[in-house]
Amino acid sequence: MKFAIQWIRENLFAGWVSSAFTLLLIFVLWKTLPPFIDWAFLDAVWKPDSKACRAGEGACWGFIAEKHRFILFGTYPYDLHWRPAVATVLLIGLWIFSAIRLFWKWWLTLVWLSGLTTIGILMWGGILGLPYVENERWGGLILTLLLTTFGLAIAFPLSILLALGRRSDMPVIRGLSVGYIELIRGVPLISLLFMASVMLPLFLPSGVTIDKLLRAQIAMILFAAAYLAEVVRGGLQAIPRGQYDAAHALALPYWRRTYLIILPQALRISVPPLMNTFIAFFKDTSLVLIIGLFDLLSTIKISLNEPAWTGFGIEAYVFASLVYFVFCYAMSRYSRGLEHQR
Amino acid sequence: MVWRSARGRRIAYQAAAIGAALFVAWFLISNTAANLEERRIASGFGFLGREAGFEIGESAFLRYGASDSYLRALVVGLTNTLAVAVIGIVLATGLGTTIGLSRLSKNFLLRNLSAAYVEFMRNVPLLVQLFFWYAVITESMPGPREALSPLPGVFLSNRGIFVPTFSGAPELQGFNFVGGAALSPEFAALLIGLATYTAAFIAEIVRAGILAVDRGQGEAAHALGLSRGQTTRLVILPQALRVIVPPMTSQYLNLTKNSSLAVAIGYPDLVSIANTTMNQTGQAIEGIAIIMAVYLTISLSISAFMNWYNAHVAFR
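Going down the list, the sequences are from chains A and B.
According to the numbering used here, the first sequence is numbered sequentially starting from 266.
According to the numbering used here, the second sequence is numbered sequentially starting from -18.
Derived coverage of chain B by chain A (criterion: at least 3 residues anywhere in the stretch with Cβ under 8 angstroms from a Cβ of chain A; other residues may be distant):
#1 16 to 26
#2 80 to 94
#3 236 to 245
#4 269 to 283
Output of the computed footprint for chain B on chain A, the stretches with three or more beta carbons under 8 angstroms from beta carbons of chain B:
#5 277 to 287
#6 425 to 437
#7 455 to 462
I should point out that these hints are in silico values taken from the structure, not numbers from a laboratory.
Each residue gets a CB set at the ideal place from its N, CA and C atoms; glycine is no exception.
Next up, chain A with everything else stripped away, as it sits in the complex (with noise of 0.2 angstroms):
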């Protein structure tokens, strides 16, 4: 007891300013908690009747309740849903699985690959007795995922040669690293994803075409190639000049050298910042929306445009943070714990 009062003296109210903060914030807090409360549980509407959600106070969670298979699988033919939630579970199995340092292994590349033709195979079919979707027709939580993984995978390696590019001693290819990556951050990525769905048709001979995931992917790809290469940049700076050195005096080949000294330090470095860009990564596939493809985001904003249940986007939006939400803060506290692990 005396110690809890001490603690409070010491936390809450030591001195004029830090009392009178207490004060307010109780005041604020007791002001909209319990309206928050009332709203999202006890006056909330959990069952999917739209007349319902309308006559009452509440938050309308029915909407989700009757929306929940389009908001996660889109348009992907109803009877398949199993597909592209088995495909879902294995790829979040799979980031799961190469969280734990025990895996870090040179087969983990094998599981990824099996991992990711499962899911090519599921999500496509056409073989094995499973009808084919065209993937046109993917969409909800299963297409965030598949941006994230493939742009992130593919940009990966091409963020580190942009990387080195920049490092390099010859003009050459420093200015064009340079060039490319200061003009793709210099952007928004809204104008990238404009271009791949309407310029890369131009881009390419007449009579190559190529579907609109893909151009998105690729401009994913490239986005996420010139903000990498910077983090990768950070790392290779920070790696102490007698590293470089004595690799030099080794007499090293420049690859080698690079592969077998430079960049396992170097990468080492940037896990945290790399974390905080995959992190950056994964929200922004949400952007794809407005290219027109059905992604988590857009596939709640359209269940929104249904007659009967217009109005409810404050719901349908608090949903969306809080899927977006587990997922990021999942991967920030899985950063944090690599930070403390070294």
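Given the coordinates of chain A, work out where chain B should sit on it, guided by the hints.
Showing chain B alone in chain A's frame:
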């Protein structure tokens, strides 16, 4: 022979890089030219002088009508982008600094509430937040007749936010407010979204900057008899600024670039108007070139200014 010498290899590599870059450029340009020819799409910036023929919901400074040119429409878009970016940067800096300082407070409630704010805002995509604010304004705010008035003269309604100016206060006339300054729902949602989102990142930068100042500095200031507020203002902040400025620059740039998400909620910023222009004229290349050129100019100007400022506050 050439490969024997390091110098020869360097020249060969760079020649190859130039060759590859030129080839890619040639490939893209020749394909594009052929495609434009085939689809009979005009090229060049001649369309800028033609009549735009579409209305723009709001214009921050310039007068604009549907009979004005595309060029004027794009300039209106640019001023709208700049308006939201400048006001957003000011608000985000104020809010972010406050929250960053609160995270270092000894007060348990203040510290943890600001930490929760940062954690939540940073882990939800900005686009979701913009949609959320737009829904809050258009769905849950009352109509103008029952507008909320948190402060005298300030009205919140589903038609936007109305604030008094020096020339007069907003008054209800018919179905909407007249007089004062009006923030449309789109502008208000974009501004609130950008400011509150960027503030979370700025808060972390401010916090890291202050933690980077040596403990001894604060203790020395304390020993001199300065109060906690004076120590922060006169000793800690000036030193922390040197650490804070470079990452702050990139947050300002991010906010400016993120203002392009306006297109998703219908605020007529540069990207939104360029998009309409592209749809009407079919001249996508020119439209995207304009967007990219404008943002590159803004980015480079902000970095140039911040580099100058950074040199100004650096150790001499």
